[in-house]
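The listed protein sequences derive, respectively, from chains F and S.
Yeah, the first sequence ends on 358 if you go by our numbering, and it's all consecutive.
Yeah, the second sequence ends on 471 if you go by our numbering, and it's all consecutive.
The reader is advised that the hints may include incorrect statements.
[Unchecked claim] Only some residues are given here: those of chain S computed to face chain F with a beta carbon under 7 angstroms:
id, residue
1, Q272
2, R274
3, A277
4, N298
5, A310
6, G325
7, A328
8, D441
9, S445
Keep in mind the hints are simulated off the structure, nothing from the lab.
Every residue, glycine too, gets a C-beta built ideally from N, C-alpha and C.
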Amino acid sequence: MLETIVFSLINGLLYGMLLFMMSSGLTLIFGMMGVLNFAHASFYMLGAYFAYTLGSVTGFWIALFLAPVLVGVLGAVVERYGLRRVHQFGHVPELLFTFGLAYVVDELTSLFWGTVPVPYKMPDSLNFTLFNLYNFDYSAFKIFILAVSVAMFVCLYLLLKKTRAGLIIQASLSRPDMVSALGHNVPRVFMMVFAIGCALAGLGGVVGGIQFVTEPGMAVTMGPIVFVVVVLGGLGSVPGALIASILIGVLQTLALSVDISLASVFSGIDVSRDNFFSTIWYMESIRLAPVLPFLLLVLTLIVRPRGLMGKREA
Amino acid sequence: MTNKKRAGMLAGALIGLSALLAPQGYAAEDPIRIAYIEPLSGAFANVGDAGLKHFRFTAEKINEAGGVLGRKFEIVPMDNKQSASESVQLVQRAADEGIHFITQGNGSNVAGALVEAVDRNNRRNSDNKILYLNYAAVDPALTNDRCSFYHFRFDANSEIKLEALTNYMAKQKDIKKVFLINQDYSHGQFISKTAKEMLKEKRPDIKIVGDVLHPIGQVRDFAPYVARIKQSGADSVITGNWGNDLSLLVRAADSAGLDVKFYTYYGGGLGTPAAVGDRGEGKLLQITEWQSNAKVNETHPEYEKWLNEFKRRYPDIDWYYHRVYNEMYMLKAAIEKAGSTDVDAVAKALEGMTFDSITGKVTMRAKDHQLIQPMYISVMDSNVVHDVDNSGLGFTTVARIPADQATAPTTCEMKRP
Numbered sequence: 045m046l047e048t049i050v051f052s053l054i055n056g057l058l059y060g061m062l063l064f065m066m067s068s069g070l071t072l073i074f075g076m077m078g079v080l081n082f083a084h085a086s087f088y089m090l091g092a093y094f095a096y097t098l099g100s101v102t103g104f105w106i107a108l109f110l111a112p113v114l115v116g117v118l119g120a121v122v123e124r125y126g127l128r129r130v131h132q133f134g135h136v137p138e139l140l141f142t143f144g145l146a147y148v149v150d151e152l153t154s155l156f157w158g159t160v161p162v163p164y165k166m167p168d169s170l171n172f173t174l175f176n177l178y179n180f181d182y183s184a185f186k187i188f189i190l191a192v193s194v195a196m197f198v199c200l201y202l203l204l205k206k207t208r209a210g211l212i213i214q215a216s217l218s219r220p221d222m223v224s225a226l227g228h229n230v231p232r233v234f235m236m237v238f239a240i241g242c243a244l245a246g247l248g249g250v251v252g253g254i255q256f257v258t259e260p261g262m263a264v265t266m267g268p269i270v271f272v273v274v275v276l277g278g279l280g281s282v283p284g285a286l287i288a289s290i291l292i293g294v295l296q297t298l299a300l301s302v303d304i305s306l307a308s309v310f311s312g313i314d315v316s317r318d319n320f321f322s323t324i325w326y327m328e329s330i331r332l333a334p335v336l337p338f339l340l341l342v343l344t345l346i347v348r349p350r351g352l353m354g355k356r357e358a
Numbered sequence: 055m056t057n058k059k060r061a062g063m064l065a066g067a068l069i070g071l072s073a074l075l076a077p078q079g080y081a082a083e084d085p086i087r088i089a090y091i092e093p094l095s096g097a098f099a100n101v102g103d104a105g106l107k108h109f110r111f112t113a114e115k116i117n118e119a120g121g122v123l124g125r126k127f128e129i130v131p132m133d134n135k136q137s138a139s140e141s142v143q144l145v146q147r148a149a150d151e152g153i154h155f156i157t158q159g160n161g162s163n164v165a166g167a168l169v170e171a172v173d174r175n176n177r178r179n180s181d182n183k184i185l186y187l188n189y190a191a192v193d194p195a196l197t198n199d200r201c202s203f204y205h206f207r208f209d210a211n212s213e214i215k216l217e218a219l220t221n222y223m224a225k226q227k228d229i230k231k232v233f234l235i236n237q238d239y240s241h242g243q244f245i246s247k248t249a250k251e252m253l254k255e256k257r258p259d260i261k262i263v264g265d266v267l268h269p270i271g272q273v274r275d276f277a278p279y280v281a282r283i284k285q286s287g288a289d290s291v292i293t294g295n296w297g298n299d300l301s302l303l304v305r306a307a308d309s310a311g312l313d314v315k316f317y318t319y320y321g322g323g324l325g326t327p328a329a330v331g332d333r334g335e336g337k338l339l340q341i342t343e344w345q346s347n348a349k350v351n352e353t354h355p356e357y358e359k360w361l362n363e364f365k366r367r368y369p370d371i372d373w374y375y376h377r378v379y380n381e382m383y384m385l386k387a388a389i390e391k392a393g394s395t396d397v398d399a400v401a402k403a404l405e406g407m408t409f410d411s412i413t414g415k416v417t418m419r420a421k422d423h424q425l426i427q428p429m430y431i432s433v434m435d436s437n438v439v440h441d442v443d444n445s446g447l448g449f450t451t452v453a454r455i456p457a458d459q460a461t462a463p464t465t466c467e468m469k470r471p
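Taking the hints into account, I'd like the entire structure generated from these sequences.
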């Protein structure tokens, strides 16, 4: 039993931190700009593909820095020449714009890199077993992901809360006219925020592309779960996103690791197998696990619409 | 001239023109058209596109060699968007266009809908019948209780594959504990249920230490599943997973240091070897009707040329569907035997037909229209002549199951016209 719990906690933490890497940029962009970026997962995918292509020339370590920067620059261009023009028409056109952008990026990706997965592999320097727990190997790369995501959280938190730039960014959202009157270029602040958000997604892609599969469908499959994290954590809250990510990771892993069903918990009550609802009663947690995050999403919106740490309603 | 008049004249002219262009029966030089009903857009477009290239390539080869009864094969691609209802409409369209042969393979749900649609069409339009050639949908029901005179399957069905696979596993004395992990839909559920029964019968000493169904295409992190496999102490895993569900599973297993053999259906499927990478070497086995290093080519040097020419033309993909070769050449032989493209006559000619394929003799079992053919079990290997997905990895045969052993009984009671 202890073994199962330890496994679930560690695997859940590792998966959760990877989720955080993908969702932190999204919550940043929403929290600071109010833009719900549907194309976020596409920038995540671009990060993976850029790192794969650059990595074959420069090696992994340089690509680890270059790819997110490239994605960030691309994000800046999208904000400057796309979003900013749409922005004046309100939030719905913005949303539609990012929605369309996601499709464009997906199609372009399969045009450039083909529809077959690309062989994007981890660097040899991280391809070894770091430690072994209950006979289960943990590779150095997994711990590397953990380290990168922790560093990302700390930097982001310090940037927003402790620096002047962070103050200006936060002020630009609530009091844009005043910030502008003080001589700051508010549109440029927004552009920077969008670029940073995209770069974070790109960074998530650089490691996520190795951990998972780098193929044109990766954006679509990752899209929904990222939104769950952001809503659960509270729109715009970076610490919230962190907690939500870990929560989802651990919960999902736990549900997969233990065999429980309503029937086994309430073993005193006897429900006939012929009953129409007996499917739910006898459903094992392992089959429920993949739906859990979405169940959480729905519950959050009903019970606590602003999420765990959010300040605004979703 | 008023606009109305002009429109009327235009319509009249169009009607006249179309009457001129309408087919005047089938002249000898008209191509024999085969509708290729597969996803050509959306998430599975890559699979549909690869299959289309296989069919076009084969048709071209047959045409170059003189065609069929002096006529040429023409492949007509139709996009079904991987939807059963779209596919049913496309059957109607094929009938309207006077196409008598359709082929499809991806998705047994689509195949089931097609069998019904084709049967319905053939009942109602006995002068415009359609023949359905299935090259990949493996649901056993299609050649058992749902079998049809107008459906022919060129891939081994799931039961046959499992029969052959468990026969091989039964001979491996080092297999003690088996774990089953499958996608939670008819295909995976069938494997989960049948593998247990077969192993129990053939090797009662093998323990089934786990049986897990997971949702299809939604699991990103397979680490918890791998942890379960590890805890169960399994030495072998049977899985019908395909695509990313297989790649991610094998990768997660490798990363966790799980040392088991994966017995799969689709380990060599399009894109999977590239995604799995060298982590599958020596661990990933697959059962197929053929694979590019099957070493049967000594007696058929022309097939080696065939493979290489295909690769030169389409560098992104490999010649994968040997069954497309079987399907097209057997259709050609059937049309020649029937002397026409009359669907009933061609179907009768195909029934029970024996064809000398690259892998040996293959027979279209008359009772249920299931092709009985030799099967190959192969393991991923980097030391091969033909790699797949340009990954440097290919497959090496570990066992060849002769056609008479790669078979399963059928309950089909076919209604014949």
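| said: So, as I understand it, the hint says Q272 (chain S) touches chain F; can you test that by seeing if any CB pair is closer than 7 angstroms? | reply: 5 angstroms, holds
| query | Measuring from the C-beta of N298 (chain S) to each C-beta in chain F, is the shortest one below 7 angstroms? | reply | With Cβ-Cβ at 5 angstroms, under 7 angstroms, it holds.
| field | Status of the hint placing G325 (chain S) at chain F (closest C-beta pair under 7 angstroms) | value | 4 angstroms, holds
| Taking 7 angstroms as the limit, does the beta-carbon of R274 (chain S) come near enough to a beta-carbon in chain F? | This interface hint holds because 6 angstroms falls under the 7 angstroms limit.
| field | Closest C-beta approach of D441 (chain S) to chain F relative to 7 angstroms, hint status | value | 11 angstroms, violated
| query | Does A277 (chain S) meet its interface restraint, that is, does its C-beta lie within less than 7 angstroms of any C-beta in chain F? | reply | 4 angstroms, holds
| message | Quick check on S445 (chain S) please, does its C-beta sit within 7 angstroms of some C-beta on chain F? | response | 6 angstroms, holds
| said: Quick check on the hint: A310 (chain S) CB to chain F CB, less than 7 angstroms? | reply: 5 angstroms, holds
| Should the hint that A328 (chain S) touches chain F count as held when the rule is a Cβ pair under 7 angstroms? | OK, holds: A328 (chain S) within 7 angstroms of chain F, min 5 angstroms.
Checked against the numbered hints above, the structure breaks only hint 8 and satisfies the rest.
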